[in-house]
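As you go down the protein sequences, you meet chains G and E in turn.
This note's numbering puts the first residue of the first sequence at 13, with every later residue one more than the last.
This note's numbering puts the first residue of the second sequence at 13, with every later residue one more than the last.
Quick caveat, the hints were computed from the structure, so don't treat them as lab data.
Be a bit skeptical, because a hint or two may be false.
The list cannot tell twin chains apart, which means a pair is met if one copy fits it or any two copies do.
[What the hints assert, rightly or not] In silico SDA-like cross-links for lysine to any residue, where the CA-CA straight-line distance does not exceed 25 angstroms:
#: 1; residue 1: K237; residue 2: N76
#: 2; residue 1: K237; residue 2: D215
#: 3; residue 1: K237; residue 2: L117
#: 4; residue 1: K237; residue 2: A120
#: 5; residue 1: K237; residue 2: A249
#: 6; residue 1: K237; residue 2: R248
#: 7; residue 1: K237; residue 2: D156
#: 8; residue 1: K237; residue 2: Y96
2 protein chains.
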Amino acid sequence: MTYCLGIRVDEGLVMLADTRTNAGVDHIARYGKMFTWERPGEWAVCICTAGNLSITQGVVNALNEGVASGGRLCPSLFDASGMYAVAELVGEQMRRLEALHGPTLARAGVSAGASMLIAGQKAGERHRLFQLYDAGNFIEADEDTPYLQIGEFKYGKPILDRVLTHASEIPDAMKAAFLSMDSTIRSNLSVAAPLDLAVIRADALAFETRRRVWEDDPGLVAISKGWSRALFEAFRALPPVG
Amino acid sequence: MTYCLGIRVDEGLVMLADTRTNAGVDHIARYGKMFTWERPGEWAVCICTAGNLSITQGVVNALNEGVASGGRLCPSLFDASGMYAVAELVGEQMRRLEALHGPTLARAGVSAGASMLIAGQKAGERHRLFQLYDAGNFIEADEDTPYLQIGEFKYGKPILDRVLTHASEIPDAMKAAFLSMDSTIRSNLSVAAPLDLAVIRADALAFETRRRVWEDDPGLVAISKGWSRALFEAFRALPPVG
């Protein structure tokens, strides 16, 4: 399982992904699910993936080949007219991989389902966040819906609904993302740290943060413990219900 | 959709159920999903249902006929040797209804899936809580797992994992139940008040509480607003994460 979260606030983009994959309970592995491409001053793009790993790795491989070959082997996302066109390009690759592997996987009774979060900004455009489905279609976050989730999304949704708006500042968006992930990790064993974190501030056209956050990261531990304590105290302080 | 929650703590049993059912977004109705049987001093039994309404209503109808006919039309749960035997009786009825309607429903592409929470106590036994699956099999809550959920359970699970233990007192179990339901109602439109609440204190062998809680219930509103405010303040007070 997987949990990836993308937040788009006025100030920028915050992306957070876990790194656990599993095929059954006895085949657990760690795979990065966050991929970034950057051309400072022009482009910053972050993609997070969930679902069938062979499909999502195939898509990411094609995107890497496109960039590395300057668009010769596959269209390069750096040649796209903007983030919407990047999402279209990723969707095309998703459809190609689904068509290639879907029928065989279906016969084997394995889901080819996959989904992605695509975030970033091109110079001259606003920063944007999309969620791509396995059919290659996609939706975009807007002011009313400042976050998108893929994978095991339910446990971590209530906290986002309570504290996030498009006007939230980046540090608050990061806090909300970590709390959402913390709730998910506590409730689903197949979602686990280390986490991958990316922050793209609006109009910076570069990554402000792109790092791996380990289980024992002081910031992660502090927010996790602090939140547990705060929730417990808030719970105690509530009046009894009749 | 449905969300029902059963909590078993040392002090007793707390059951909470929503009342919304839907078949698509334009066919929304209110149905009680909590059913109770009581023989003060001998028995207090509470059942909450989720899933295919024709199946669950069929099971409840059989249980009611059993009690009303003194076991003539169907075994009466008041004749059961204890709560485990009550769960077995409910399971038998579940299997009967599944066998009756399952194949036809499957041909119509409709799920016959259903599940139930069965809580209560018989004189001379401890109080017990079971979760019954559509195959008629069931599991029991114990000291390590003081709660069981059916229906749309994920949104309301994190808060339970944080604050509940088997040693929690009844008022705290009630608070936790309402907060769990509040998170679910906020995140899923197809779960909605009014709610049905039942409390069976250990060894009371009668319902301490069995009432409908409406949207505008002062206690429900107070805890919902109080929790929102407390979470928001706790969120603000947390340190930023790197």
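Against the structure, the hints come out as follows:
1. K237 <-> N76: Close neither inside one copy (39 angstroms) nor across copies (48 angstroms); limit 25 angstroms.
2. K237 <-> D215: neither (34 angstroms within a copy, 37 angstroms between copies)
3. K237 <-> L117: Intra 42 angstroms, inter 48 angstroms, cutoff 25 angstroms: neither.
4. K237 <-> A120: Classified as neither; 43 angstroms inside a copy, 50 angstroms across copies.
5. K237 <-> A249: Both: 18 angstroms inside a chain and 13 angstroms across chains, each within 25 angstroms.
6. K237 <-> R248: both (17 angstroms within a copy, 15 angstroms between copies)
7. K237 <-> D156: So K237 and D156 pass the 25 angstroms test across copies only (22 angstroms; inside, 30 angstroms).
8. K237 <-> Y96: neither (39 angstroms within a copy, 39 angstroms between copies)
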